[in-house]
Amino acid sequence: MKIILKNGYVYDPINNINGEVMDIFIKDGKIVNEFREKDAKVIDCKGKVVMPGAIDIHSHIAGGKVNTGRILRPEDHRRFVIARKFKNGKFFRSGAGFSVPSTRITGYLYAKMGYTMAFTPALPPLMARHTHEELSSIPIIDKGALTLMGNNWFVMKYLKAGEIEKCAAFAAWLLKAVKGYAIKVVNPGGGEAWGWGKNVTSLEDRVPYFDITPKEIIEGLMKVNEMLKLPHSEHLHTINLGRVGNYETTIKTMKLARGLENRDRHVLQITHAQFHSYGGESWKSFESKAYEVAKAVNKMKNVAIDVGFVTLDPTTTMTADGPMEYYLSSLTHLKWTNKDIELETAPGVTPYNYSPKSAVSSVQWAVGLELALLVEDPWRVMLTTDHPNGGPFIRYPRIIAWLMSRKYREDFMKNMNKAVEKRAIISSLDREYDLYEIAIITRASQARALGLKEKGHLGVGADADVAVYDINPEELNTAEYEKIERAFSNAYLTIKSGEIVVKEGEVVNEFYGKTYYVDVEVEEELMQEVERDLDYYFKRYYSVNLANYPVSLDYLTNPTKIERKIERVKVIK
Amino acid sequence: MHYTDVVCTFCGTLCDDIEVTVEDNRIIDIRHACRVGASKFFKASDIKHRRTKPIIRENGREIEVSLEEAVEKASEILADAYRPLLYGWSSTTCEAIKYGVFLTDLVGGIMDNTATVCHGPSVLAFQEVGYPSCTLGEVKNRADLIIYWGSNPLHAHPRHLSRYSFYPRGFFRERGMQDRELIVIDVRRTDTAKIANKFIKVEQGKDYELVSALRYVLNGGVLKKDYVAGVSREEIYELVDKMKSCSFGVLFFGMGLTQSSGKHRTIDNAISLVRDLNRFTKFNIMMMRGHYNVTGSNEVLAWETGYPYAVDFSRGYPRYNPGETSAVDVLVRGEVDAALIIASDPVSHFPKEAVKHLLRIPYISIDAFYNATSMFAKVYIPTAVAGIECEGTAYRMDGVPIRVRKIIEPPEGVLSDEEVVRMIYEKTMEKIKERIEEEAAEKVIV
Amino acid sequence: MKEIFLKFKGSKTVLEAEVINPNVFAGKKLSEIENLTVYHGNRRAKLGEFFDVEGSTSEDARELRIVVEGDLEKVKRIGENMSEGEILIKGNAGMHTGDFMSGGRIVVEGNVASFCATEMKGGEFIVKGDAGDYLGSAYRGNWIGMQGGLIVVEGNVGRESCAHMSGGKAIIRGTAGDFAGVHMRKGTIIIEGKANRAGAQMIGGTIVILTNVDPLPSFELVGEESDIEVDGERFSGTFLKYIGDKAELRAKGTLYIRK
Ligand SMILES: [Zn+2]
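Protein chains in written order, with our numbering: chain Y, 7 to 579; chain D, 3 to 448; chain U, 43 to 301.
Rather than coming from a laboratory, the hints here were simulated on the basis of the structure. Warning: the hint list may mix true and false statements.
Said to hold, decoys possible - Below, simulated DSS-like cross-link-like pairs (lysine-lysine); rule was C-alpha separation at most 27 Å, straight line:
{"hint": "1", "chain 1": "Y", "residue 1": "K93", "chain 2": "D", "residue 2": "K45"}
{"hint": "2", "chain 1": "Y", "residue 1": "K93", "chain 2": "D", "residue 2": "K354"}
{"hint": "3", "chain 1": "Y", "residue 1": "K545", "chain 2": "D", "residue 2": "K408"}
{"hint": "4", "chain 1": "D", "residue 1": "K380", "chain 2": "U", "residue 2": "K294"}
{"hint": "5", "chain 1": "Y", "residue 1": "K91", "chain 2": "D", "residue 2": "K246"}
{"hint": "6", "chain 1": "Y", "residue 1": "K91", "chain 2": "U", "residue 2": "K54"}
{"hint": "7", "chain 1": "Y", "residue 1": "K96", "chain 2": "D", "residue 2": "K354"}
{"hint": "8", "chain 1": "Y", "residue 1": "K93", "chain 2": "D", "residue 2": "K358"}
{"hint": "9", "chain 1": "Y", "residue 1": "K509", "chain 2": "D", "residue 2": "K227"}
{"hint": "10", "chain 1": "U", "residue 1": "K294", "chain 2": "D", "residue 2": "K429"}
{"hint": "11", "chain 1": "D", "residue 1": "K380", "chain 2": "Y", "residue 2": "K204"}
{"hint": "12", "chain 1": "D", "residue 1": "K433", "chain 2": "U", "residue 2": "K88"}
{"hint": "13", "chain 1": "D", "residue 1": "K354", "chain 2": "Y", "residue 2": "K91"}
{"hint": "14", "chain 1": "D", "residue 1": "K435", "chain 2": "D", "residue 2": "K408"}
{"hint": "15", "chain 1": "U", "residue 1": "K283", "chain 2": "Y", "residue 2": "K363"}
{"hint": "16", "chain 1": "U", "residue 1": "K51", "chain 2": "D", "residue 2": "K358"}
{"hint": "17", "chain 1": "Y", "residue 1": "K545", "chain 2": "Y", "residue 2": "K261"}
{"hint": "18", "chain 1": "U", "residue 1": "K294", "chain 2": "D", "residue 2": "K433"}
{"hint": "19", "chain 1": "Y", "residue 1": "K545", "chain 2": "D", "residue 2": "K246"}
{"hint": "20", "chain 1": "U", "residue 1": "K294", "chain 2": "D", "residue 2": "K227"}
{"hint": "21", "chain 1": "U", "residue 1": "K283", "chain 2": "D", "residue 2": "K227"}
Note that the coordinates shown come from a computational prediction; the quantities given were computed from them, not determined experimentally.
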């Protein structure tokens with residue numbers, strides 16, 4: 007199909023296009039050079055905004071603990087349902103779930119907002135098949151999964167022994183075996199300690215038995231990441247998430263990236279930085295330290311953050327940080343699930359009700375916004391809620407509107423606990439994002455962080471993933487924030503792989519997107535050494551046979567491989 | 003042909019180290035499997051005793067038909083129904099279950115799996131208080147205290163003790179069983195109890211009280227009574243001490259606990275006990291799931307609808323309320339006017355009242371093996387045995403997903419559950435798309 | 043008070059009729075009421091197909107009484123979400139009758155099925171016969187159940203009535219099945235007959251049982267009290283007072299059992 011989007015205001019930061027009125031030409035799923043209007047579907051986008059399809063780099067949409075969250079919360083699902091329908095010769099499935107929507111409607115809800123790609127950020131290798139089964143049942147959007155490695159026995163063993171090449175070869179093997187996309191680290195060492203009901207609380211703590219520190223794991227995997235020339239950086243959920251006074255740990259963590267470089271992107275992503283920017287001595291004196299964290303980010307040019315905004319909704323928290331979930335549930339006394347996964351990780355789930363009336367919640371709301379407003383370079387900021395941890399992804403349009411409208415923030419704060427004025431600085435911040443900056447933090451910076459050249463822009467050769475919003479930049483008044491929120495909630499048009507999937511906020515078409523994974527080849531002798539270790543460990547300590555561990559490509563919709571060939575793994579000191 | 007790393011699709015233990023030798027499409031040797039597992043392999047491979055042609059029954063007459071005719075008839079039954087029940091879905095692959103959800107969503111029916119008659123109460127308890135758990139490899143590597151409550155794995159999950167819990171050597175338990183303690187709590191001295199380091203006999207139906215007493219003592223209470231649920235005060239204190247002082251404990255529970263008089267509240271209390279124990283040490287809990295993929299059935303339904311079993315699509319979107327929307331209940335109350343039963347035999351296993359109603363309505367039976375339910379079905383469609391004649395995904399009792407293998411060809415013309423359900427889905431769609439198109443006007447977001 | 047009479051004509055399978063609600067009927071003509079949507083199994087249908095509708099309507103729900111007649115066991119959700127007015131059911135009522143009601147009054151002359159008055163917030167729910175399981179309870183997975191209002195059952199109730207109760211009052215004249223007030227946080231339950239495992243895992247609220255039963259082993263006896271008064275109701279005689287359920291860490295619930 008050929009489509010021409012005519013006369014829209016185009017926001018394409020990767021190509022430095024800031025609101026120019028232009029036509030976009032689409033053919034065979036790609037953005038192409040101009041062609042004649044004959045035989046093309048011409049869509050008038052006059053007075054509307056045209057952006058690349060939006061990307062969510064960190065959203066818990068698929069996998070074991072996401073599904074545990076679904077099973078855990080029938081009382082949440084009944085609040086939000088979408089009925090089945092039959093349209094344009096296609097059957098669109100029904101679904102349910104406010105904070106943890108079922109898979110089919112996850113695809114529909116993303117597309118409705120102009121999103122065309124989302125990565126699930128915590129794939130436990132042993133459960134990889136589950137994650138992929140769910141990803142493959144999410145329609146429309148492109149997908150991928152970040153692979154948990156921060157508590158993996160092989161990783162800890164190799165790094166402790168100073169065998170970083172083996173660690174790299176193992177990471178390469180693992181990514182390929184589980185069809186993962188990047189190295190994800192969650193509470194490094196804390197997950198293993200949780201195997202004994204313990205945790206780590208400082209970067210220098212020693213992990214029981216493995217005798218390694220969180221710092222060594224973070225640094226080691228950052229180096230492994232660059233040794234393997236992976237498309238994305240190390241994606242780090244550092245220790246002490248959600249703890250009062252954790253901002254110092256966060257700043258110390260960022261400093262571990264010193265000295266490492268990559269031409270195309272940052273080398274460390276501090277994920278859901280909001281949950282790591284807290285001051286105070288106790289919950290009573292809990293306060294925002296977004297200013298300090300943002301200052302550190304501004305200085306550290308090789309570090310980026312995704313925010314993890316809090317939207318003040320009742321939600322379900324889920325992380326691979328088992329001890330954190332236990333701690334949270336012991337504060338709220340709400341139901342709690344945990345799943346320690348042999349040799350690998352320890353996810354947990356518990357509901358949480360962010361209430362505007364609560365001092366802590368309202369400060370958390372401010373912390374997210376402050377980070378986004380205080381980090382100067384939007385290319386190192388990504389809009390996320392750590393869905394559903396800070397709030398469900400369906401609230402992204404509201405966050406966009408908060409960032410674009412100071413008035414909205416002020417109005418919203420009127421019904422909030424007064425702590426937000428005393429223990430945060432949000433009310434003193436004037437900055438309002440413009441559409442170009444919004445396009446960066448929702449598209450361009452995320453595509454760049456993922457190292458995907460065909461995504462996040464509208465240049466010739468890019469994938470034809472496009473969102474059109476009913477906003478006229480010439481008439482934009484940020485005091486009318488409801489209009490902004492409404493427009494971003496209901497894309498006028500979403501085009502995925504060159505096909506129209508959403509019209510005026512309604513899903514009208516469905517098919518399956520790509521699933522990205524990484525395939526790094528390293529030298530054979532090194533891999534053979536690692537395979538010997540795998541053999542030994544699987545026979546003795548895993549509960550499945552090695553042969554039944556890897557996930558075949560049958561589980562991926564349109565599997566899309568990012569290849570790297572490393573002749574000789576070079577150690578980074 | 004010799005196959006290694008084959009997965010046994012008998013029970014929820016889903017052993018994946020089976021070796022099978024096949025000659026002329028017949029299984030001639032099986033290694034590592036338990037006796038029951040091995041017999042399932044041999045049964046599948048014994049084609050003579052399987053029916054391999056679809057059947058339609060009209061006015062008491064049994065007619066052998068083509069697969070297409072059977073599918074046509076099945077889709078007619080479902081398309082006409084006002085409240086169809088689609089039941090079973092536990093001894094089949096996730097791929098088949100997925101199409102089952104599509105089909106049920108399409109026809110506005112009720113989809114339920116066998117959890118409804120086994121660990122349904124555990125799922126309800128999970129939804130009340132949560133579920134601190136782990137994979138079986140964690141137990142093997144770390145556990146020094148293993149408790150089976152209302153569960154007799156030696157019979158129901160024969161290799162559970164040797165592969166995962168009591169006997170194996172693990173990373174932190176190098177001496178295997180010598181590094182562990184095994185306790186069995188049950189209403190009678192089972193074979194598992196006989197090999198345990200300690201057996202605690204609980205009075206029938208009083209498990210809830212025993213859990214309450216344990217929690218009370220754990221939380222600092224002073225027990226006044228000499229006996230609770232037939233267990234002495236000393237034993238209760240001793241058990242609490244053991245649970246508190248182990249370094250990694252695990253509580254496996256089975257139907258003996260879920261079907262005790264407290265039902266899901268007993269499990270709720272037991273999970274709460276384990277949760278409380280985490281204030282002192284590391285402790286996990288796990289359901290001993292029976293059917294090899296009942297866990298997968300809960301998982302697929304949950305990701306497709308939000309709910310793990312007993313899902314009602316009658317209003318065009320999923321709703322959930324076991325007791326109201328569960329298979330036995332809708333049958334007993336006579337609400338259902340048609341059914342599809344797959345990989346299950348409710349005629350043999352459901353309560354009499356439920357079976358009575360099932361036999362009154364038209365239903366379809368899809369099963370690799372012709373069973374009592376198939377004998378009274380309006381339509382019977384034979385299918386391939388998953389894990390032997392076709393591949394797919396299954397979830398072990400701890401949620402670990404494993405790909406089950408195909409090692410022999412199914413009988414000629416016999417397709418997998420997945421393919422048959424997909425055919426019925428597509429055929430039914432043709433029949434009722436107009437009805438749904440009209441409904442589409444009403445889109446519900448609550 | 044204006045009255046609208048609905049006479050049930052029967053249905054093939056279950057019917058969901060949450061439109062039978064004074065809030066919905068108010069301001070509608072009889073013909074409009076007949077046209078309201080109900081759900082017959084998986085098909086959409088009109089209320090008039092299953093009910094004869096008569097009587098006179100009112101603009102104001104508070105001035106409206108709906109009288110429903112017939113064997114309504116198969117009819118679900120009558121009075122769901124109602125906040126004003128009255129419903130009188132002359133016969134047995136089906137599941138979810140009075141779910142989430144926040145005001146007004148429902149009187150059932152016969153029995154009610156399971157799952158009625160779920161998460162009730164206000165108003166009155168009166169049953170002359172027996173009630174099924176989960177009366178006035180929380181929906182699956184929810185930790186907040188009934189928050190206000192009054193439930194009175196003249197007969198017996200099934201299992202798990204008032205699970206997760208967080209306010210309001212329930213009076214059960216007959217026997218209560220297992221686990222009345224399980225996980226209770228606040229509010230009052232009065233049970234005149236026998237009750238097994240009442241107050242299991244409760245952390246707050248008060249349960250009074252007017253017969254002598256054995257409490258769970260995790261309840262702590264704190265003493266005896268005579269002629270007690272609970273939530274405006276007075277009870278004569280001597281009562282054993284327990285605090286529980288001490289299986290729970292934060293337990294502050296009160297359980298009175300007649301000596
Ligand atoms: Zn996350």
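Status of the hints after comparison with the structure:
1. Y:K93 / D:K45: With Cα atoms ~46 Å apart, Y:K93 and D:K45 exceed 27 Å; violated.
2. Y:K93 / D:K354: Roughly 43 Å between the alpha carbons, so the hint for Y:K93 and D:K354 is violated.
3. Y:K545 / D:K408: Holds, at roughly 23 Å.
4. D:K380 / U:K294: Distance ~58 Å between D:K380 and U:K294 Cα, so the pair is violated.
5. Y:K91 / D:K246: Status violated; Cα separation ~54 Å.
6. Y:K91 / U:K54: Satisfied, since the Cα-Cα distance of roughly 25 Å is no more than 27 Å.
7. Y:K96 / D:K354: violated, 41 Å
8. Y:K93 / D:K358: violated, 40 Å
9. Y:K509 / D:K227: Outside the cut-off at roughly 69 Å; violated.
10. U:K294 / D:K429: Measuring from Cα to Cα gives roughly 59 Å; hence the hint is violated.
11. D:K380 / Y:K204: violated, 58 Å
12. D:K433 / U:K88: holds, 23 Å
13. D:K354 / Y:K91: violated, 38 Å
14. D:K435 / D:K408: violated, 35 Å
15. U:K283 / Y:K363: violated, 37 Å
16. U:K51 / D:K358: Within the cut-off at roughly 26 Å; holds.
17. Y:K545 / Y:K261: violated, 39 Å
18. U:K294 / D:K433: violated, 59 Å
19. Y:K545 / D:K246: With Cα atoms ~31 Å apart, Y:K545 and D:K246 exceed 27 Å; violated.
20. U:K294 / D:K227: Distance of about 21 Å is within 27 Å: holds.
21. U:K283 / D:K227: Holds, at roughly 17 Å.
In terms of the numbered hints stated before, the structure departs from hints 1, 2, 4, 5, 7, 8, 9, 10, 11, 13, 14, 15, 17, 18, 19, listed from lowest to highest.
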